[in-house]
Amino acid sequence: MASIAVERPTTWRPVLGRSAMLIGVLAALCVLWEAFKWFGETTGLKIGTFVVNDRTFPHIYDIVGQLFEPSRRNGPLLIEVLWDAALFTAKEAAVGFLLGAAIGFVLGVILAHSRLLQRGFLPYIVASQTIPILAIAPMVVVWLGGRGFPDWFSVSIIAAYLTFFPVTINTLRGLTSVDPRALELMRSYAAHPLQILWRLRLPTSLPYLFAAFKIAATASVVGAIIGELPASIQDGLGGAILNFNQYYLSSPESLWATNLIAALLGITFFLIVVAVEKIVVRRAPEHVA
Amino acid sequence: MSVVSLKKVAKEFGAGGVKALEAIDLEIAEGEFISLIGPSGCGKSTLLRIIGDLIQPTAGDAVVNGKSAHQARLDRDYGIVFQDAVLFDWRTVAKNIGLPLEMMGWDRGKRSERVKEMVELVELTGFEGHHPWQLSGGMQQRVSIARALSFDPSILLMDEPFGALDEMTRERLNLELLRIWEASGSTVVFVTHSISEAVFLSTRVVVMSARPGRIVGIVDVDLPQPRSIDTREEPRFAELIREVRQLLRRGGGFDVEEPTPTGEEDFIVAEEQLQ
Numbered sequence: 660m661a662s663i664a665v666e667r668p669t670t671w672r673p674v675l676g677r678s679a680m681l682i683g684v685l686a687a688l689c690v691l692w693e694a695f696k697w698f699g700e701t702t703g704l705k706i707g708t709f710v711v712n713d714r715t716f717p718h719i720y721d722i723v724g725q726l727f728e729p730s731r732r733n734g735p736l737l738i739e740v741l742w743d744a745a746l747f748t749a750k751e752a753a754v755g756f757l758l759g760a761a762i763g764f765v766l767g768v769i770l771a772h773s774r775l776l777q778r779g780f781l782p783y784i785v786a787s788q789t790i791p792i793l794a795i796a797p798m799v800v801v802w803l804g805g806r807g808f809p810d811w812f813s814v815s816i817i818a819a820y821l822t823f824f825p826v827t828i829n830t831l832r833g834l835t836s837v838d839p840r841a842l843e844l845m846r847s848y849a850a851h852p853l854q855i856l857w858r859l860r861l862p863t864s865l866p867y868l869f870a871a872f873k874i875a876a877t878a879s880v881v882g883a884i885i886g887e888l889p890a891s892i893q894d895g896l897g898g899a900i901l902n903f904n905q906y907y908l909s910s911p912e913s914l915w916a917t918n919l920i921a922a923l924l925g926i927t928f929f930l931i932v933v934a935v936e937k938i939v940v941r942r943a944p945e946h947v948a
Numbered sequence: 066m067s068v069v070s071l072k073k074v075a076k077e078f079g080a081g082g083v084k085a086l087e088a089i090d091l092e093i094a095e096g097e098f099i100s101l102i103g104p105s106g107c108g109k110s111t112l113l114r115i116i117g118d119l120i121q122p123t124a125g126d127a128v129v130n131g132k133s134a135h136q137a138r139l140d141r142d143y144g145i146v147f148q149d150a151v152l153f154d155w156r157t158v159a160k161n162i163g164l165p166l167e168m169m170g171w172d173r174g175k176r177s178e179r180v181k182e183m184v185e186l187v188e189l190t191g192f193e194g195h196h197p198w199q200l201s202g203g204m205q206q207r208v209s210i211a212r213a214l215s216f217d218p219s220i221l222l223m224d225e226p227f228g229a230l231d232e233m234t235r236e237r238l239n240l241e242l243l244r245i246w247e248a249s250g251s252t253v254v255f256v257t258h259s260i261s262e263a264v265f266l267s268t269r270v271v272v273m274s275a276r277p278g279r280i281v282g283i284v285d286v287d288l289p290q291p292r293s294i295d296t297r298e299e300p301r302f303a304e305l306i307r308e309v310r311q312l313l314r315r316g317g318g319f320d321v322e323e324p325t326p327t328g329e330e331d332f333i334v335a336e337e338q339l340q
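One line per chain: the protein sequences are A and B, in this order. Each residue of the first sequence is one higher than the one before, starting from 660 at the first, in the working numbering. Each residue of the second sequence is one higher than the one before, starting from 66 at the first, in the working numbering.
In case anyone wonders, no lab produced these hints; they're calculated from the structure. Beta carbons are placed, not taken as given, at the ideal position from N, Cα and C, and that holds for glycine. Do not take every clue at face value.
Residues from chain B that face chain A, not an exhaustive set, calculated with beta carbons under 7 Å [unchecked claim]: (1) LEU139; (2) ILE145; (3) TRP155; (4) PRO165; (5) LYS181; (6) LEU189.
Derived list of chain A stretches under chain B, where covered just means 3 residues or more per stretch with a C-beta under 8 Å from a C-beta of chain B [stated by the list, open to error]: (7) 788-799; (8) 897-903.
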């Protein structure tokens with residue numbers, strides 16, 4: 660009761676602590692990786708047909724080092740190739756994310772305002788997600804390709820397909836989780852439904868929305884990478900993965916390095932959403948997810 | 066002319082289910098401070114919501130300012146304060162207070178002028194830029210009152226507004242509320258669990274019975290205005306409290322007591338022992 664005006668901490672200490680934690684965990688993971696590799700190799704560990712050696716379990720420094728080797732004889736460095744591929748995939752994923760988030764949000768708003776529509780449509784929205792993306796991707800590529808859309812846009816649509824679902828579900832949940840007394844207040848002001856949506860329901864649902872955006876951000880990257888395979892796009896990370904898969908026996912580090920870059924791309928997308936959330940959502944500290 | 070006029074108002078929940086209210090007749094004049102008191106579940110909050118057109122009665126008529134309660138709501142005749150402040154977390158104090166004005170299309174300049182007045186009225190100057198979670202419970206409730214008064218509604222509906230606060234904060238806010246009431250000249254309908262709070266604040270105390278809620282009696286509070294800290298010391302104050310308690314007892318109010326979060330039952334017991 661006595662606590663008044665608790666200011667947000669503005670010191671650097673939490674930031675430093677978090678960075679130290681991040682680096683510590685990363686280091687621990689590297690140590691675990693190398694320890695397992697050493698243990699597997701010295702004891703000749705076999706799990707089924709899986710044997711630990713430089714091919715199945717390359718050294719971390721070899722994986723990172725591979726990034727700075729030429730990708731092919733007299734070619735550019737692997738990291739340059741992967742950088743271009745990551746940018747290409749990022750474009751597909753970003754367009755897919757924005758499309759999916761917009762569609763998902765609009766669907767959620769519509770469903771939140773009608774129980775009847777909810778009953779009618781929600782089962783199909785759920786069903787849409789049970790169909791494997793690999794089954795749909797070729798159809799999307801053929802349909803859109805036949806209508807003159809560029810192939811990368813088909814991949815964006817596939818990414819959007821993975822993205823819209825969590826956004827719809829959380830929009831619905833967020834818009835309907837409004838304090839009933841807050842609604843009574845709005846009614847006592849004779850508020851128009853659009854005013855209630857904009858001034859009460861939407862702000863209430865923002866934490867739910869951003870939880871969905873975080874899932875959707877990483878899903879859009881996965882969607883884009885997978886979507887590149889049936890679209891036979893060579894320029895993105897999906898293409899790179901497919902390519903290095905074929906050379907795995909001679910150069911396993913290239914595939915591992917590509918995976919590393921793909922993971923970094925997903926994390927980047929996630930962090931962008933987190934940053935936007937920090938700017939947009941002003942809520943009691945304990946309410947921020 | 067009455068500001069609020071209830072005729073044979075009844076409310077049942079569910080199809081032929083629980084009778085919450087039965088045959089409520091009540092006339093409230095302009096500028097009155099009316100308290101509704103009764104045991105838990107007697108339907109006093111329901112009655113408040115019927116006056117405010119937040120729920121519909123199953124029978125009877127609610128006329129407010131000479132029109133239907135519904136029309137009165139559309140005309141923004143009500144300011145509402147709940148037990149919890151129900152502030153919007155994402156808005157600052159000033160923006161919370163200005164929320165009704167935004168909806169009513171006031172322009173920015175007029176709005177900020179009005180918000181400034183309200184902030185001064187509830188003595189929160191310096192906290193305009195704070196967010197609700199940075200305020201104490203009492204301060205939050207003052208923001209909520211300022212928001213309710215911001216558009217100058219003719220009726221203030223208050224549903225146990227100080228029920229979640231500690232005794233000392235509550236007594237201070239009681240005095241503040243009286244000051245605000247005198248300054249604004251609006252009519253107040255106030256739901257409470259506390260006998261002393263009802264007597265201290267009101268011009269009339271409406272005592273209700275256990276379910277189904279009926280009006281057992283109305284106590285005219287003839288304590289001099291304006292009330293002050295000393296009002297509670299007057300012998301007449303104790304007499305009126307006894308009157309209200311007797312009515313509550315007749316309405317079965319002491320058979321169905323449920324614990325309240327404020328430890329108010331202790332207060333009732335303590336007073337009983339005093340006699």
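We went through each hint and held it up to the structure:
Given hint, B:LEU139 at the interface with chain A, holds; its Cβ is 5 Å from that chain's nearest Cβ, closer than 7 Å. Against a cut-off of 7 Å between C-beta atoms, the interface hint on B:ILE145 holds, since the closest Cβ of chain A lies about 5 Å away. At about 5 Å, the closest approach between the beta carbon of B:TRP155 and any beta carbon in chain A falls short of 7 Å, and the interface hint on this residue holds. For B:PRO165, the shortest C-beta to C-beta distance to chain A is roughly 5 Å, which falls under 7 Å, so the interface hint holds.
A cut of 7 Å between beta carbons decides the hint on B:LYS181: the least distance to chain A is about 19 Å, and the hint is violated. Annotation: interface hint on B:LEU189 violated; nearest CB of chain A at approximately 11 Å, more than 7 Å. For the segment 788-799 of chain A, the proposed coverage by chain B is not satisfied: 0 residues have a C-beta within less than 8 Å of a C-beta in that chain, short of the threshold of three. Given as covered by chain B, the segment 897-903 of chain A fails the check, having 0 residues with a CB less than 8 Å from a CB of that chain where 3 are the minimum.
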